[in-house]
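There are 4 protein chains.
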Amino acid sequence: MKKIIAVSGSNAGDSNLNKEILQIAEETGYLIAKKGGILVCGGLGGIMEASAKGAKKGGGTTVGLLPWKKESANPYIDIPIATGLGFFRNNIIINCADCVISICGRWGTLNEVAMAMGLGKKTVVIAASRGVSELLSQKEVLKTFKKKPIVAYSAEEAVSLAFLNGVNS
Amino acid sequence: MKKIIAVSGSNAGDSNLNKEILQIAEETGYLIAKKGGILVCGGLGGIMEASAKGAKKGGGTTVGLLPWKKESANPYIDIPIATGLGFFRNNIIINCADCVISICGRWGTLNEVAMAMGLGKKTVVIAASRGVSELLSQKEVLKTFKKKPIVAYSAEEAVSLAFLNGVNS
Amino acid sequence: MKKIIAVSGSNAGDSNLNKEILQIAEETGYLIAKKGGILVCGGLGGIMEASAKGAKKGGGTTVGLLPWKKESANPYIDIPIATGLGFFRNNIIINCADCVISICGRWGTLNEVAMAMGLGKKTVVIAASRGVSELLSQKEVLKTFKKKPIVAYSAEEAVSLAFLNGVNS
Amino acid sequence: MKKIIAVSGSNAGDSNLNKEILQIAEETGYLIAKKGGILVCGGLGGIMEASAKGAKKGGGTTVGLLPWKKESANPYIDIPIATGLGFFRNNIIINCADCVISICGRWGTLNEVAMAMGLGKKTVVIAASRGVSELLSQKEVLKTFKKKPIVAYSAEEAVSLAFLNGVNS
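In order, the protein sequence lines correspond to chains A, B, C and D.
If you count the first sequence from 1, position 36 lands on 35 in numbering that gives the first Met the number 0, and the numbers rise without skipping.
If you count the second sequence from 1, position 95 lands on 94 in numbering that gives the first Met the number 0, and the numbers rise without skipping.
If you count the third sequence from 1, position 133 lands on 132 in numbering that gives the first Met the number 0, and the numbers rise without skipping.
If you count the fourth sequence from 1, position 102 lands on 101 in numbering that gives the first Met the number 0, and the numbers rise without skipping.
Accuracy of the hints is not assured; some may be wrong.
[Claimed, not checked] Cut-off 25 Å, straight-line C-alpha distance, at most; resulting in silico cross-link-like pairs (BS3-like, lysine-lysine):
| # | chain 1 | residue 1 | chain 2 | residue 2 |
| --- | --- | --- | --- | --- |
| 1 | D | K18 | C | K1 |
| 2 | C | K138 | B | K142 |
| 3 | A | K52 | B | K142 |
| 4 | D | K55 | C | K55 |
Source of the hints: derived by calculation from the structure; they are not laboratory data.
Bear in mind that the values here come from a model prediction, so they are computed numbers and not experimental data.
Only chain A is shown next, with the shape it has when bound in the complex:
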């Protein structure tokens, strides 16, 4: 059975997003596909679009769990699932994944990472990607929590950790 990897991160419009951060997302998607994983995300723009683009370059399959309408899916989504649940669809993105990788992000990403951790899901944050993912890689922040996400410093490391059995957050 193929691994399902959720990529959680900022929608388009986040001022933290730049070429470099989007490149991390694209590489993450590419590597997930190359390792035989299915990429699941929220199906919209920004990190979601960049990671889905990468997964398609890598020959993989992409699923977008959309808040409302199928038509809002970015062009790299193979399977657009219109949940009709709005913001609440975050839950399904997290629940269906074997591992969650977070890249950059604002409140929505924090909602997803916190849910992943609360559900005991394997969770990797990419420290170099700004926003919430950078925040959740800082020691002073993580000392608040008993269970901590795994911190990775590159797309390559994040995806390796995602597929590595026996490593858990």
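Take the given structure of chain A and dock chains B, C and D to it, following the hints.
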């Protein structure tokens, strides 16, 4: 953008299921795939498994929106989405579909067809498939409702109607 | 712990609703309150409003699980819970109840009754109330199902059955 | 229409919970009730129980949106709503509230506060209550976010801000 067709019907264990009914489900899945649609279902046994099997024979893609665990998906599901929502995942099966086809079925199928009708989703019931789908093809039953599902008498007719623009329930 | 009784039925605008049917709903709500139950419903008009009105006359507490906005609650709702889930909030109405009573109704009510039956929830349909509730009291319809709802012929009988331990659908 | 205030915070078992923190929760619940608000929470132990206890002392009404079973409600819950949604019920706690107050907390509370902020809901964190609420009151943490929660330094200040029109996070 590919059409998404939901197949709603009995899980394994329904005494109404026989070789002929399962054949209708398999043919429905096969024809959905041949027409370029993505098959979505609840991912479990019975009608769900038969229709997914047919879609795979037809070279299509199958999505299973599972109540709890990814591992409960039948062997013909390409994309197993573990919703963690139990019975409530019915809502997403219906919401994400461009059209819903119901085959046989018990209370769960009735829940899905009623939701599809309530949401104004195009809905086709296959009259010849027993159970809830047969029930909802009967004039004395349908007179209770102002909006009525489309009644089809074979897999072929059901899938043709599902893909026909301008025909609505 | 107080019993929670869900009343499921048509929103305002259903042509089946008349003074007599609304009276059944009001009496149902009144009797639920008199027996010490908490009334839960979808919080909108029609049967929902009439039953909540009855419950308030009976000195009870009413909860409205609303599709979107708190402000859409009818004036007899004490606790308006804006779920943000649209049609999907039906699931919570049914799940939280110890017993479901259905009165009149269209596709939305059928969705709820089918869910209640699928979840193994005690379910009473009032035969005399038209619509879906009348439909689900007919022998020719119920023979489709192995598990059958309890059929009541008045508000009084429905509420008695709802509170009677050991009687199940 | 009464204001609905959600209290979000740690379940029993969080090592951050001590007499002082629970006292903040109890006072918060008490003041919500005294100001005429309805208290909504997750219905379980820890901060949820302490705030519900306070609301009952203040003569208010308490709603518990429970993950699974009605029977898991703490003894101060008037209206136990068994959602059947597990961790996902967090969404409804946040969505139905006019304002969210967070006290202490771990990943579950962070999930709720992030959702509240993502949905544009008025959100107050009590800085003095440890855990996630303390974390989200720190300038170095909040600089990650454009939209920031309101920081309060006591139960009294938090509840005043919750009821003050025109103040938003």
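Problem - Violated hints, by number in ascending order, as checked against the structure - result: As far as the earlier hints go, 1, 3 are violated by this structure, in ascending order.
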